[in-house]
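Asker: Protein chains in written order, with UniProt numbering: chain A, 1 to 380; chain B, 1 to 380; chain C, 1 to 358; chain D, 1 to 358.
Please note that the accuracy of each hint is not assured.
To be verified - If you anchor each label on the Cβ, the simulated ranges turn out as follows:
| no. | chain 1 | residue 1 | chain 2 | residue 2 | range |
| --- | --- | --- | --- | --- | --- |
| 1 | D | G179 | C | A180 | 56 to 62 Å |
| 2 | A | A259 | D | T159 | 25 to 31 Å |
| 3 | A | P35 | D | T218 | 35 to 41 Å |
| 4 | C | G356 | D | R146 | 40 to 46 Å |
| 5 | A | P68 | B | D131 | 51 to 57 Å |
| 6 | D | T218 | B | A193 | 42 to 48 Å |
| 7 | B | G303 | D | G26 | 56 to 62 Å |
| 8 | C | G356 | A | P68 | 29 to 35 Å |
| 9 | D | G26 | B | A21 | 56 to 62 Å |
| 10 | A | G338 | D | G26 | 23 to 29 Å |
Please keep in mind that the hints were generated in silico from the structure rather than gathered at the bench. Built from N, CA and C at the ideal position, the CB exists for glycine as well.
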Amino acid sequence: MNLDLDPSARSFRDEVRAWLADNVPATPLPSVHTPAGATAHRAWERRLADARLAVVSWPERYGGRTAPPLHTLLFEEEYHAAAAPARIGQNGLFLLAPTLFTHGTPEQRDRILPRMARADDVWAQAWSEPDAGSDLAAIRSVARRTDGGWLLSGQKTWSSRAAVADRAFGLFRTDPQARRHRGLTCVMFDLRAPGVSVRGIQQLDGEPGFAEIFLDDVFVPDADVIGAPGDGWRVAMNTAGHERGLTLRSPGRFVAAAARLVALWREAGDPGDTGLRDRVVDAWIGAQAYRMHAFAALDAPPGPFAASVTKLFWSELDIALHSTALDVLGAHAETDAGWTGGYLFALAGPIYAGTNEIQRSIVAERVLGLPREPNPGAPR
Amino acid sequence: MNLDLDPSARSFRDEVRAWLADNVPATPLPSVHTPAGATAHRAWERRLADARLAVVSWPERYGGRTAPPLHTLLFEEEYHAAAAPARIGQNGLFLLAPTLFTHGTPEQRDRILPRMARADDVWAQAWSEPDAGSDLAAIRSVARRTDGGWLLSGQKTWSSRAAVADRAFGLFRTDPQARRHRGLTCVMFDLRAPGVSVRGIQQLDGEPGFAEIFLDDVFVPDADVIGAPGDGWRVAMNTAGHERGLTLRSPGRFVAAAARLVALWREAGDPGDTGLRDRVVDAWIGAQAYRMHAFAALDAPPGPFAASVTKLFWSELDIALHSTALDVLGAHAETDAGWTGGYLFALAGPIYAGTNEIQRSIVAERVLGLPREPNPGAPR
Amino acid sequence: MRLVPSPEQDGFAAVLHRLLSDVDVGATADRWALGDAAPGRAVWSRLAEAGVCGLAVPACWGGLGGAPSDLVLAAEELGHHALPGPVAESVAAVPTLLTAVGDDRLRSTWLPELAAGRTVATLAAPPWLPYATDAHAADLVLFAGRDAVRLARVGPAHTSMDPARRLFEVFPGDTLAAGADTAAVVARALDMGVLVCAAQLLGAGRALLETAVAYAQTRHQFGRAIGQFQAVQHRLADVAVALEFARPLLYAAAVALTRDPHDANTVASTGNDPHEANVVASTGDDRQDAARDVSAAKVACADAANRAARAALQVHGAIGYTREHGLGRWLTRVRVLTLAWGTPTEHRARVAAALGRR
Amino acid sequence: MRLVPSPEQDGFAAVLHRLLSDVDVGATADRWALGDAAPGRAVWSRLAEAGVCGLAVPACWGGLGGAPSDLVLAAEELGHHALPGPVAESVAAVPTLLTAVGDDRLRSTWLPELAAGRTVATLAAPPWLPYATDAHAADLVLFAGRDAVRLARVGPAHTSMDPARRLFEVFPGDTLAAGADTAAVVARALDMGVLVCAAQLLGAGRALLETAVAYAQTRHQFGRAIGQFQAVQHRLADVAVALEFARPLLYAAAVALTRDPHDANTVASTGNDPHEANVVASTGDDRQDAARDVSAAKVACADAANRAARAALQVHGAIGYTREHGLGRWLTRVRVLTLAWGTPTEHRARVAAALGRR
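Just chain A, with the same shape it has in the complex (with noise of 0.2 Å):
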């Protein structure tokens, strides 16, 4: 894909590119979720951030180039074209910083920042409680008020990066008294502390990219709370947003997908089945219009319920993408790992950051304003 760029946008790309080019491992890392695959993946950010590519978008100070929007839609482009390893720190990159520089302090963001730049912290995110998977509101896991800071307590589940990462933020419950969206509390905690255990969970897909993690009585200073103690619906709401819009799942990763789909077809498609033709189009046809959606946004800044828009559609184009290569490929598919691996993971796009039917349910009545519909826990 070739962009007709002005000078600096375009020097950045060649940037970009070349370095790529040059330092992207010939063979693919071990996955991210092993001991081996969690090392090699740290030194590949700090390889990145070495070369001030780990987060072009972030000040100079914490590691960025202060770079403009249209250089991360670039960047993420020629990362996902080249098949760089995936990104062990996105939970820190792609969520909290983005909370962290809505929410944070100055003081957090000159600690945390720096090191989540170069992975020498890797950040895991935790939301989801065994009962409290779309309704997040049901939280139970509590943040007890102690001596200069607060003591966490509880279970956790569905933390992506948790069993290879080093400290986790999350939403914990500071007034028992205050009912469901309220008396929460954002809060930034480390994995290593006493009291807290992590269990992976392994995935269909293979993967442990989940795991649990059990709180008794962990000690977090008050210095990583943030935003105000019972602002913390508010802070998740924020983090939610990224996570269901381009900053997670950036057009790049569906343009690179499409062209990769697109190369399958014309090297192991019937030629006659137009049928497959068509859904191959259709896949090309999405990734664009999401990297067409991104280009614009850049010049019309998307509305606050925009993520959901967002993430329905990469969820849903995800799939098809990925049964459409399955169908390439016919009898054949299920013995290639990598078709039938992201097809695998592109099963779970429907489910994580906040299911589709809550999607829905947010366009519709935030988006659409239709009514409300009568729900006595609805966390919108």
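Assemble chains B, C and D onto chain A, guided by the hints.
Answerer: Same frame as chain A, but now just chains B, C and D:
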């Protein structure tokens, strides 16, 4: 479609086929919704009745042959394959008659059915009201007690065939104190009685298939109440089952439409377009599925809510089938009144006879046993 | 042009929206359906005054020399109101053709009249346009072959599924232009028509969603507004997503057509916005890129509009199925425009060809 | 056979359901996935005792000479429990092949062993089956070409998306039969395999729906059971409809295979039920009818099962995405069986050919 049948069924099928070949008008009758068309269709019904083919499953005393259900399926297949005229009496034959067999008195059956079978009386249904569409229990039209009968007042709408019919049947509120499903009564009335006025409603497909009925103190005798006063909901649900199931929309209709689609595709479809081919095949498979499902039901009587399952299937099949036909015709489709009319009519399928949303809720709660949606006025 | 409309373009669309809201387009369409084009032609004149009809006509011939993106904005509003008539033909394809083929006598005869809305043109161009739409209401009827443009003689009429539309068989008449250069002009002119058709579809889809949302807010069944039921909410949310992601493809197609070198006569002046250049995926063949991106837009806009149509009818229920309600004007228009100007299958095949395989 | 199971067939299915409910099929599958076929082979023996493995083996060779419909009932239960192993190969396709090709020495060697469940067989038959499934756990591996049946030598293994499945490349070895007659036998044997595969898909789809309904009844979010939300209710209702209308196609395909004349060796005795004859759509070519109806069943069962899989995962949410929960056994099995034994596209092409056009 050849069926190897036992001798009795084969002989019946052959008789029907031969009679239709000799008698189906070479040029289609004028629209059933016009005065001239209504006259022609009534004459056609009388010819069917003279051949004892109007109502083969009914007892002989009412004009039928006491034929087994298999014969009804075969009759419908032959009828639709021959592209025989629309049944002007369909609302009586397929909806009111089964209701009278279950809930009517012998006197009602003797009085009503023979005239219905010959289209001496053409029947309309009068269920819906402007504020009682999906929510049928919200009916407001009333039947007030009077000497020897009832006085009907109110407004009915979406009344099929009312513009050309003689009589109608519907639900009226006989106990104004009772809420929703209670206090309703199923009543038959004369569309030409004093106090009745009928206004046709033009549909998307150009036909005035619906009408509004305005009733102002219209007298009906006690003899024209079906079932007990106050028991109308139960009677209506029985009728609705027939409307949703294969009595109104028999497999033969879809098998014939699929055969026409296949013929169209062989004649006009792009032979290199395998995507189109696959959709034609899917329509054919769908029609076969409905057909085999109906044959299977001869041996394993369906459960009480099976008609909801069936209605979801045929209404979606009908749209897919006609939509595929338009795509076979491509840029020429819009000028083909037959297929475009069929397409527009198919679009009404998920709406009439209880919207598909209602049917899905019924299937979920009554067939699958999911817990009921919290809903103040569900009609189930 | 950027991938979002400029404030001027938004203002232009708002003017058109007010203009068409003040007219009873439904009544106009009913008259049009009966063969009486006069009220429709009156609306056409007002649209011309607002500048719509001159967008694809160069300034030297009395037009505005607008960009494809201006056409997109205008056509979306025309689709939003389901205006009858040969919109894509008269506003986009025919002026683009006449600007680039034939001689100045032809141009001076027709282009100022088209721009002023005093002339309405239509076009047959098999296989995409086997018939000339609404030739009874047109003053100029052309026939575009692959590499030739001819005047057309009008033959028998056919009724359409869309009542406010009549399709005419045509027979090729005097040749206006022919040859290899003409082929490129025809291809570009047809793509301008496809672009406008796609924009009409997007506008119609938006109207259908708006109508469905409004109805779902007020219609009560089972003791609540039907818009409170998840079945209604989620279906309309899916429509909103489809429309939201069709629009950027439409604008990107307009950018691609702006870059197409065959555009020289009309909109070359708008091609140098550096930002715009950022976002176009180029293969180095501008004509093929434009064809690919126009086709992608048509596929996506038609898909979104058809989803909107199905959802809007289902939300309305029986009332939406009546002629009286008027929803049907959008329902049938969407279906008809989906198959006109190239079917989704034909456009997917063009995208596939650009992706390196037929 | 009729289009509904006989009471005896329902009883047989119930026995298999109990048998497989008493076994820990999940643990068996985990062991199978690790290459340890012993627990799976033990289950296989118990299924043989119940009669499953002899259904496609004639009585004279130690089998039950069952009808295709008996195989359908059994296979649906095996699919319902997501039993690992080369089910369609060993229970249907290979016995059908061996019954009709080769010599009595071959038959006497293998058929009684297959019927008794002491031998497990597998098969490669490109393009539908490019690999031999689970050859590591099989005693007999065949290679079926279009018009020849050969013994197969086993080559390298590939892992599958379905962890409880391993696919082996094979090389054709000694020829057991070849020629025009063999082609018809191969076609029929493969269709028996497709029929069983379709039945497994239907059973798996039913299991997925049952699991999703049960979970939706008990899982609470937002203060109520998630099965009270229309989004969940309506999605599962659509799955129920798809399964309900796939089943009669499956049974009809079994009837069509019963009428196929190449069936003489195994199930001729069941072909004369007058009721059964009522419902078969015949074109006069029993082989083509059978191929068409088997393909229609595979398409419909795969579609219904895949809908069930998507819906079940979505209803379960993250818990369904864990290995621990076990839902994944059905999810991956459904996807894999959809593409095995002929893809939906290949089967639609066969139906199209029967409808008079390729």
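Asker: Compare the structure with each hint and give your call.
Answerer: Hints versus structure:
In this structure, D:G179 and C:A180 meet the distance hint of 56 to 62 Å, their C-beta atoms being roughly 57 Å apart. Take A:A259 and D:T159: their Cβ atoms lie about 26 Å apart, and the range 25 to 31 Å holds. A hinted range of 35 to 41 Å holds for the C-beta pair A:P35 and D:T218, which are about 37 Å apart. At about 33 Å, the CB distance of C:G356 to D:R146 disagrees with the hint of 40 to 46 Å.
Distance hint check for A:P68 and B:D131: the Cβ-Cβ separation is about 55 Å, which falls inside the suggested range of 51 to 57 Å. Roughly 55 Å separates the CB atoms of D:T218 and B:A193, a value that falls outside the hinted 42 to 48 Å. Separated by about 32 Å at the C-beta atoms, B:G303 and D:G26 break the suggested range of 56 to 62 Å. Taking the beta carbon of each, C:G356 and A:P68 are about 33 Å apart, inside 29 to 35 Å as hinted.
Under the hint 56 to 62 Å, the C-beta atoms of D:G26 and B:A21, about 60 Å apart, fit the expected range. Roughly 27 Å separates the CB atoms of A:G338 and D:G26, a value that falls within the hinted 23 to 29 Å.
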